[in-house]
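Put together the whole structure using the sequences plus the hints.
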Amino acid sequence: GAVVSQHPSWVICKSGTSVKIECRSLDFQATTMFWYRQFPKQSLMLMATSNEGSKATYEQGVEKDKFLINHASLTLSTLTVTSAHPEDSSFYICSAQGANPEPGELFFGEGSRLTVL
Amino acid sequence: GENVEQHPSTLSVQEGDSAVIKCTYSDSASNYFPWYKQELGKRPQLIIDIRSNVGEKKDQRIAVTLNKTAKHFSLHITETQPEDSAVYFCAASIRGNKLVFGAGTILRVKS
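Heads up: the sequence lines are chains F and V, in that order.
Be aware that the first sequence starts at 3, since it is given in this note's numbering, and climbs by one per residue.
Be aware that the second sequence starts at 15, since it is given in this note's numbering, and climbs by one per residue.
Don't read these hints as lab results, they were simulated from the structure.
Values in this document were obtained by computation on a predicted structure and should not be read as measured data.
Some clues are possibly wrong.
[To be verified] Just a few of them, taken from the derived set where beta-carbon distance is under 8 Å, the chain V residues facing chain F:
#	residue
1	G30
2	R57
3	G69
4	F103
5	K112
6	F115
7	G116
[Said to hold, decoys possible] Within a straight-line C-alpha distance of at most 20 Å, the following computed SDA-like cross-link-like pairs (lysine to any residue) qualify:
#	chain 1	residue 1	chain 2	residue 2
8	V	K56	F	A4
9	F	K43	V	T24
10	V	K51	F	A4
11	F	K43	V	V101
12	V	K112	F	S11
13	F	K66	F	E24
14	V	K56	F	S11
C-beta atoms are modelled at their ideal positions from N, C-alpha and C, and glycine is treated no differently.
As structure tokens, then:
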């Protein structure tokens, strides 16, 4: 199957700083990428959907100015958590989809664990 | 929007027994229902999926059934093994591949 890589796999930062997480499709062109957040012992909650070259679509309740998503190329999407606070500590996972996919043909990244002190 | 409910939240079974996890969804337009297995700190792994034009699908010890009329689908694991212990998530897809996940089920297989 296709490979999606996320970086960094874990990051610790101080409150008030910004953190960037990268999601790369290594062997296919990802026209759409999805960003999820997963708190401990909870489910994956979709934060936003990004399509290459256009603005991301955010789910209700997700602050677009706090979680900046950029999908500038067909192989890279980034999530920047701006002015991070301890409550932003979570596991962030991206998934990617190629052009003309079969329903549900999604490939997940390894996830990035963010800890804000 | 779509809402997916999953039960039970935790499930303990003896090795060799069967495990059943059930999900219901709200949007009749949903047409794709995957099941994921997630181990601690890892990415979700697709274990089986079913589309709305099929009522049942089986892959070795794992099977999924779908009842579109009742809007529910279930995961069945037979002959459970300790390595089946993990968190399992169901999901439903509407409007393409936007997945809505259930709350998850912690499966513990006791040896």
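Okay, the hints, checked on the actual structure:
no. : hint             : in the structure
1   : G30              : violated, 27 Å
2   : R57              : holds, 4 Å
3   : G69              : violated, 17 Å
4   : F103             : holds, 6 Å
5   : K112             : holds, 6 Å
6   : F115             : holds, 5 Å
7   : G116             : holds, 7 Å
8   : K56(V) - A4(F)   : holds, 17 Å
9   : K43(F) - T24(V)  : holds, 11 Å
10  : K51(V) - A4(F)   : holds, 18 Å
11  : K43(F) - V101(V) : holds, 9 Å
12  : K112(V) - S11(F) : violated, 24 Å
13  : K66(F) - E24(F)  : holds, 17 Å
14  : K56(V) - S11(F)  : holds, 10 Å
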